[in-house]
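Colleague: Chain by chain, the residues run as shown.
Number of protein chains: 2
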Amino acid sequence: MIIVPEREIGGLLTREAAFEAVERVFAAMAAGEAYNFPVVREAIGHEDALYGFKGGFDRSGLTLGLKAGGYWPHNLAQRGEINHQSTVFLFDADTGKAQAMVGGNLLTALRTAAASAVSIRHLAREDAQVLGMIGAGHQAAFQLRAALEQRAFKKVIGWNLHPEMLGTLESVAEEAGAPFEAVGLDGMGEADVIISITSSFDAILGADQVSPGTHLACMGTDTKGKQEVEAGLLARATVFTDEVAQAVSIGEAQHAVAKGLISEGDVHQL
Amino acid sequence: MIIVPEREIGGLLTREAAFEAVERVFAAMAAGEAYNFPVVREAIGHEDALYGFKGGFDRSGLTLGLKAGGYWPHNLAQRGEINHQSTVFLFDADTGKAQAMVGGNLLTALRTAAASAVSIRHLAREDAQVLGMIGAGHQAAFQLRAALEQRAFKKVIGWNLHPEMLGTLESVAEEAGAPFEAVGLDGMGEADVIISITSSFDAILGADQVSPGTHLACMGTDTKGKQEVEAGLLARATVFTDEVAQAVSIGEAQHAVAKGLISEGDVHQL
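Those protein sequence lines, which keep their order, are chains A and B.
Using my numbering, read the first sequence as starting at 1 and increasing by one per residue.
Using my numbering, read the second sequence as starting at 1001 and increasing by one per residue.
Simulated from the structure, these hints should not be mistaken for lab results.
Every residue, glycine too, gets a C-beta built ideally from N, C-alpha and C.
Hints are not guaranteed to be accurate.
[Unchecked claim] The calculated lysine-lysine pairs, modelled on DSS-like cross-linking and capped at a C-alpha distance of 27 Å, are:
#1 Lys97/A with Lys1224/B
#2 Lys67/A with Lys1224/B
#3 Lys224/A with Lys1097/B
#4 Lys226/A with Lys259/A
#5 Lys1259/B with Lys1224/B
#6 Lys67/A with Lys226/A
#7 Lys1097/B with Lys97/A
#8 Lys1097/B with Lys67/A
#9 Lys1067/B with Lys1097/B
#10 Lys259/A with Lys224/A
#11 Lys97/A with Lys1067/B
#12 Lys67/A with Lys1067/B
#13 Lys97/A with Lys1226/B
#14 Lys226/A with Lys1097/B
#15 Lys1224/B with Lys1067/B
#16 Lys1226/B with Lys1067/B
#17 Lys67/A with Lys224/A
#18 Lys1259/B with Lys1226/B
#19 Lys97/A with Lys67/A
#20 Lys224/A with Lys1067/B
[To be verified] Chain B side only, calculated, beta carbon under 8 Å to chain A, not exhaustive:
#21 Gly1045
#22 His1046
#23 Ala1049
#24 Arg1079
#25 Phe1089
#26 Asp1094
#27 Gly1096
Generate the whole structure from the sequences, applying the supplied hints.
Modeller: The following block contains the structure:
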């Protein structure tokens, strides 16, 4: 039994390793070798918490297990603990025995950042110069750091509902040698790549605020009802996802599909 | 973090403690304080294994977590390991942090035995004298041992597809001071209490092979398609369950409900 506490993850997992792992599992999913199980997500009626399980199996790497945990909204204010809490449990695919327990908080942050970075590496234009960020919370800094390694970005522009929070993104950008500029949503037209990473339940970015040829990575929508971009934007875009079933039910594509603007068949497996 | 390996469970959990825990959680479920999450169960396409998660929350005891694992049919023959493998993970309901990891194999056996024992304690006639067993596998001995503590049974009768396996039940019965008799299915009419614990996908016990007033605990059917007793028997019985949603979808009541012999409303929460 291998136990990796949360505090050890930072010293063990690099951005590069996270990128390679996510790239490999996306390839395994596209080859039909890996898939996610149905997501369990429950409002448990205690501490306003959302709790559940995301499981899956990668036959090519014999990786079997789940992430369990969720969102405890009062953790930070009442206990000084982060609100997102998760733990990963791995099983021996040959016997069904529990094999490893791994702290999942930093792992989730690095994985989520790697997912948009992989999409940029493989789908954004080679000569992309301006990177746009929508959202400036805890996770946004991870997305930005991983994205900056994929192209020779000359500038980062950012929008957030609370602009006073944009300082963190500015620090991350300048650390990587890219100047940062706070913009309004209309300013996003300048971006060649946009990452949205918010917890919004309404469209933020309008279809007309994005220039043709821009690569968008919509990362925030992970639940039925959430939304970051206008549904019409998906109708004008080529839509890729790691898993179609999730994209059209709990991901950003749910609204465009529900409105009949695109069909499930228009959502391409990466 | 509390870690309880499989080998320690035998020294830690008594039949009495399992009985009390199951009785308490059934009461919490009936009071709307505890419930199960949707079950995830996947044929993963490796080693013919079935793998999944059974989670739940008991608000009254602040018990939150899941059992993960499944059925690896080649474990015993190929590796000398038991085929059912499961691990229980508990979480702090106040923060979402992982709290305990507990070997789930013996726990499952004791819990399943306690469930039919609780039903006998509360629902079988007080003067029950003959206990009938259908099935004689690994789990049947656990069911019998726990059941024998609930009433002053004078005799145990047993049926199994392979009668040569009934020796284990005979030993358990005689250890508890009750003589044992192997019977045909028509012999089950003598029983005041019957426990079925098989992995059957077809009805074994006919409606006419059960005497009026007999208490039946149908324990084997845990999956869509499985079945132990003729559907018509449920139409003639008063049907109780710990969770109606599971009983009518993956439990013994699924067939009678599907045939329209009873409705979901006829299945009573314990």
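Colleague: Given the hinted pair Lys67/A and Lys1224/B, is their alpha-carbon gap at most 27 Å?
Modeller: 26 Å, holds
Colleague: Holds or violated: is there a CB of chain A closer than 8 Å to the CB of Ala1049/B?
Modeller: At about 6 Å, which falls below the 8 Å cut-off, the nearest Cβ of chain A leaves the hint on Ala1049/B intact, so it holds.
Colleague: So if I understand the rule, the pair passes when the alpha-carbon distance is 27 Å or less; does Lys67/A with Lys226/A pass?
Modeller: 21 Å, holds
Colleague: Given the hinted pair Lys97/A and Lys67/A, is their Cα-Cα distance within 27 Å?
Modeller: 16 Å, holds
Colleague: Hey, Lys226/A versus Lys1097/B, does the alpha-carbon distance stay inside 27 Å?
Modeller: 25 Å, holds
Colleague: So if I understand the rule, the pair passes when the alpha-carbon distance is 27 Å or less; does Lys1259/B with Lys1226/B pass?
Modeller: Distance ~15 Å between Lys1259/B and Lys1226/B Cα, so the pair holds.
Colleague: Taking only the CA atoms, is the gap from Lys259/A to Lys224/A under or equal to 27 Å?
Modeller: Distance ~14 Å between Lys259/A and Lys224/A Cα, so the pair holds.
Colleague: Just to be careful: measuring from the Cβ of Gly1045/B to every Cβ in chain A, is the smallest value less than 8 Å?
Modeller: 6 Å, holds
Colleague: Given the proposed pairing of Lys67/A with Lys1067/B, does the C-alpha separation stay at or below 27 Å?
Modeller: Holds, because 13 Å separates the two Cα atoms, which is no more than 27 Å.
Colleague: Holds or violated: Lys1097/B with Lys97/A, Cα cutoff 27 Å?
Modeller: 22 Å, holds
Colleague: For the pair we were handed, Lys97/A and Lys1226/B, check the Cα-Cα distance against 27 Å.
Modeller: 25 Å, holds
Colleague: With 8 Å as the cut and Cβ atoms as the points, is Gly1096/B at the interface with chain A?
Modeller: 3 Å, holds
In this structure, none of the earlier numbered hints is contradicted; all agree with it.
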